[in-house]
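Colleague: This is what each chain is made of:
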Amino acid sequence: MLKRLRENKSFQGTLLVSPTLLWMIALLFIPLILTTIISFGTRNADGGVIYGFSFHNYVRLFGFSTDCPGGQASCFDPLYANILGRSLSLAFWTTVIVIALAYPLAYFIARAHPKRRNTFLMLVLVPLWTNFVIRVYAWMMLLREQGVINGIIGWVAARFGVQFEPLQMLYTPGAVLVGMVYEFLPFMILPIFTSLEKIDVPLYEAAADLGANPFRTFLRVTLPLSMPGVVAGTILVFIPVMGTFIVSDLLGGKQVILVGNLIQNQFLSARDPTFGSAASLILMIMTLIVTYFYTRKFGFGEEIIAV
Amino acid sequence: MNPHRRHPFIRVATILVYFFLYAPILVLVLYSFNASRTNILFAGFIPSFGALQMGGSTVVQSPCGPFHWFCELSRNREVGLAARNTLTIAFISTFISTIIGTMAALAIQRYNFRLKSFSQLSLYVPIVIPEIVMGIGILTLFSQLFGILNGAFGLEGDSRLSLGLGTVIVSHIAFSVPFVTLVVQARLQGFDKSFEEAAMDLGANELITFWRVTFPMILPGVLSGALLAFTLSLDDFVITFFTTGPGATTLPIYVYGLLRRIITPQVNALSTVWIAIVLTVVFLLQRLQSREAK
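The listed protein sequences correspond, in order, to chains A and B. Our numbering puts the first sequence at residues 502 to 808. Our numbering puts the second sequence at residues -18 to 275.
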């Protein structure tokens, strides 16, 4: 037996991977299958699930309502489709802004003197490791009607004798966008830094020798070589933004409802797990499609674990 | 051409982005010394003899001086319990996910077996699907499973299976294993096999070779995988939110619950403590790294 184990390489490999594989099957694949089954069911009066095969949750999600004014059989209600669209566009704009902010910083760190590089990098880790919920709270303090930003503007206005009405910043879509950008910025900086750091300095010298100006060098050398970092960072930013519900809950109040809030709500207060499961699967499919097309073009490597 | 020369635009952008990252944190820390109980306006620092505004014109003395909110925090039993839960979950899930993740990395990097490509694929799935999808999936699994088991064995009262520390730990392992595996795999890629072959030639068996040669060489990778798993667990909100139960509240869940009702400087004091710990750990890591580099 022991001799066979020693010689059978394939058996050894299977044995080593089996705890992880079993964990993934039990806590990833089985839950996903259950979610799929439930999404085709209907709810009973006390929030239980009646198993069946009906697409009505999906139909409802994309705007076909059976609960219509005037007694029509069906009508178009864009409520949930709007929520899906809003989540997608918020995730898109968050990612774009985060790339714009993260790239210069990552470039700065990658080109910094090796002695100081670690310090600059550690400065990115501190906000990242400060808890997610605490970071949202910081923005609640800044954006409130009597918060820090209004306080500072009010103080400046008073100095110049100008009348100032506190701005309503908390519980607006803008607050959610700022909060998302703040939450996920470090997740973009680190992968971009990792890919920029790998570029050899002689490559820049070669580009300069061949007559490229710094801008052209950036466009033709730096940018293409740093794409794996940008792609990995996008995956680490876009996907969580699509599924997060705390930021919109605490900074958006009832004004900004995202898919995450919808799903959480269906499971905890509305008590319709079938509709929540359908929304969750649609969310998953949307992120998988985006990830597929995005990585197919550029691919991502070990930058994904740069965080 | 000096490779460290940077465009002024990059410098200005860097300063602004660092300001954006740190200004909110500074405000959090500043307000944890706020003399106003309602925490709406900054009423100045608590003076050393601790005259504290209790809303309106009521003023009380604080025995802790400027650290009034930290004293309140240390007396808060819920925070203490949540901190203990958070650390218990983080330590146990890191320990298990580091071991099984390292095993999986060795298997994928070193061996050929039938389920290899399926294993690799399944390790990427948790990274590319939103956490909430996994969270509600696991919630559904546990509620169905516990429903069946409680019914089948006639479990009642305290012996009923329910969501709690155990379910949170098991779920945290599920989302951290892929990251541990990827980190260790990256380390194994540059691994020189000739050291192991030399050990075997000199008469060491597989076990001794692993412990004396392979393991020390991949240890830095294993440690950084463990560190990643630990921070992921400490920071996690979404999956914990759906898999936790009574008595298993973690710090992020506790703070979230608090923020939905009231805003108190105690949360700032908690944030300040958290940031201080993070700063210390980051500082120690940097010292460690610079020593390794020498």
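In short, the hints are calculated from the structure, not lab data. We put the CB at the ideal spot given by N, CA and C, even for glycine. Hints should not be assumed to be uniformly reliable.
Stated by the list, open to error - As a list, the in silico DSS-like pairs of lysine-lysine whose alpha-carbon atoms are at most 25 Å apart:
hint, chain 1, residue 1, chain 2, residue 2
1, A, K510, B, K97
2, A, K798, B, K174
3, A, K616, A, K510
4, A, K755, A, K616
5, B, K174, B, K97
To be verified - Pulled a few chain A residues facing chain B out of the computed Cβ check, cut under 7 Å:
hint, residue
6, N509
7, K510
8, I531
9, A601
10, L602
11, N651
12, I740
13, M743
14, G754
15, I758
16, L784
17, I786
18, I790
19, F794
Colleague: Now tell me if each hint is right for this structure.
Modeller: Results of checking the hints against the structure:
no.: 1; hint: A/K510 with B/K97; verdict: holds (13 Å)
no.: 2; hint: A/K798 with B/K174; verdict: violated (34 Å)
no.: 3; hint: A/K616 with A/K510; verdict: violated (45 Å)
no.: 4; hint: A/K755 with A/K616; verdict: violated (48 Å)
no.: 5; hint: B/K174 with B/K97; verdict: holds (21 Å)
no.: 6; hint: N509; verdict: violated (10 Å)
no.: 7; hint: K510; verdict: holds (6 Å)
no.: 8; hint: I531; verdict: holds (6 Å)
no.: 9; hint: A601; verdict: violated (9 Å)
no.: 10; hint: L602; verdict: holds (5 Å)
no.: 11; hint: N651; verdict: violated (10 Å)
no.: 12; hint: I740; verdict: holds (5 Å)
no.: 13; hint: M743; verdict: holds (5 Å)
no.: 14; hint: G754; verdict: violated (10 Å)
no.: 15; hint: I758; verdict: violated (14 Å)
no.: 16; hint: L784; verdict: holds (6 Å)
no.: 17; hint: I786; verdict: violated (10 Å)
no.: 18; hint: I790; verdict: violated (11 Å)
no.: 19; hint: F794; verdict: violated (12 Å)
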